[in-house]
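Asker: Okay, here's what each chain looks like letter by letter:
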Amino acid sequence: MLDLSDRALAVLLLAPAAILLSLIIVYPVLRLLYTSFFSLSLTSGLPAEFVGLENYQLMIEDPVFWETTWNTVLITLITVPGALFVGLGLALLANLPFGMQWPVRLSLLIPWALPLSFAGLIFAWFFHSEYGVVNDVLARFGFPGVIWFNSPNLAFAAICLTIVWKTSSFMALIILAGLQTIPRSLYEAADVDGAGRIRQFFEITLPLLKPAIVVALIFRTITALQTFDIPFMMTGGGPGTSTATLAMYIHQNTVSFLDLGYGSALAVVMFALSMCVTAVYLRIIRTKE
Amino acid sequence: MSQVAASGANSFFSGKPLRFIAATILLVNGMFPALWILFTSLKTEAELTVKPITWLPHTPTLANYMQAFSDQPLHVFLFNSFMVALLSTCLTLLVSVLAAYALARLNLKYRGLILSLIIAVSTFPLVTLLVPLFEIMRALNLLNTWIALILPYTVLSLPVCTLMLVSFFEGIPRDLENAAMIDGCTRMGALFKVVVPLCAPGVFTAGILAFVNAWDEFLLALSFNSNPALRTLPVGIQLYQGEFAFPWPVISAALVVGIVPVAILIVIFQERVVSGLTSGGIKG
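Those protein sequence lines, which keep their order, are chains A and B.
Once you know that position 85 of the first sequence is 65 in our numbering, the rest is easy, because the numbers rise by one and skip nothing.
Once you know that position 49 of the second sequence is 526 in our numbering, the rest is easy, because the numbers rise by one and skip nothing.
Treat the hints as calculated values from the structure; they're not laboratory data.
Quantities reported herein were computed from a predicted structural model and do not represent experimental measurements.
Chain A residues, not near chain B, derived (Cβ > 12 angstroms throughout):
no., residue
1, 24
2, 25
3, 37
4, 38
5, 42
6, 61
7, 133
8, 136
9, 140
10, 163
11, 182
12, 186
13, 218
Cβ pair distances, simulated, as ranges:
no., chain 1, residue 1, chain 2, residue 2, range
14, A, 177, B, 497, 16 to 26 angstroms
15, B, 661, A, 262, 41 to 51 angstroms
16, B, 589, A, 218, 39 to 49 angstroms
17, A, 41, B, 588, 41 to 51 angstroms
18, A, 117, B, 597, 38 to 48 angstroms
19, B, 681, A, 65, 27 to 37 angstroms
20, A, 41, B, 497, 57 to 67 angstroms
Beta carbons are placed, not taken as given, at the ideal position from N, Cα and C, and that holds for glycine.
Make a model of the complete structure from these sequences and hints.
Answerer: Written out as structure tokens, the structure reads:
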């Protein structure tokens, strides 16, 4: 019998995870920082050339960088609170005493399990100007049809709506789990004290849900900063670059233009943005412990 | 009973009409998009261009499904998606079971630090590594292979699965393992013969989450595998759109085919998935 000390065994057990993380995260992060200081374009065929901060300089002067970053921030600022409110609403509805639980559960799970790219395609079809169901419903109420994807603002609104739909059900599942851990006795006591439903919501439900909501919000914020699939499928970033996100711009520079140096500099910005959010997250977790 | 008597508002909140409205909102919100795609996929091209548009298909047809499989190698996309998701799930489970066992059972000096690191990695934006991963896969000649996707997908789910498994393993009494070890099992033997079987539901739940994560991923699949024979479903579906034409009924049929496998998984294991999602979410 091979009898290793606990310490040697621990090293051995953690090694596969450590190797994978080094190969797919640690080394690439270092490489990312490194490449961002080089001019490296695979289309030119030239070898990498050290250019210092030139990529960053280019970036600051690049209006598309600012536009896509602004779009990303705007999407985050709209869809994260949006998903929270819709998710909270759905969770409160789902927490009612239904005879059957599974249809409710399933209706929250299906949007979660649907790939983002599929959701983008489905909603592009929803918002289709000629045969889309959204314009059909508008027409039934007497409104004229809207060409959603020709106008930057309408296209942006359609994208945000889609993201909120797609992400709110996960939020709802997290909040629902939180709701179900709140003891009934708290509400019964509040009833005895004569507190109404609305006061109970703000003084019992919300405070007790806070920890679950905070964690869900942070995860949602980090994924919102990476928004790619839904705008890519719905508008391809158009009209022009009015609905393109930073992730789409990184993808375009890397995969379409093969400009790895510039793509890296863009990615460093996104990395920094999301590290800020992660730092807040770790801080919250630590204060909780 | 006292609750119902308490106020008029309360009887509305627990009343039948409200429950009916609530159920309708929840079901329409959750199911309508998928149902709409199903309806579209059953319509003929002629019915699709009728205005005002029809909701339910008048002359349902499966022709779009035939066309979805004949226009593009949909079965190949499905196979690629399935294999990439399955293999990365297996790898994720193997690696995270080992790591989680070390974190749950062996008294590690840096346990807190390692757990914080795992949490930090769980929020890592994989998008930002597009360039270096592209370079690495290119240098290793792995572009247009399953491996180019399996490795990143494994890392994508590794943190959440590890954290979930740590909490499952901590719920197993140590005595059971100790008994097995006294009977001559090694620690590894005890892990795979006692702990993992006892945690089978947890391991399985972690596996479903990893599978869905991999099945859904789009950006890396789009960037690393351009060869049609190696495309996964989300990437392959793009091939249906022509330069100017957008054959919505055929695309809808392909989408339905892509939704069904995961939908089946979700329908069968819904309770487990919910508990996995929410425990992972709340604990980070």
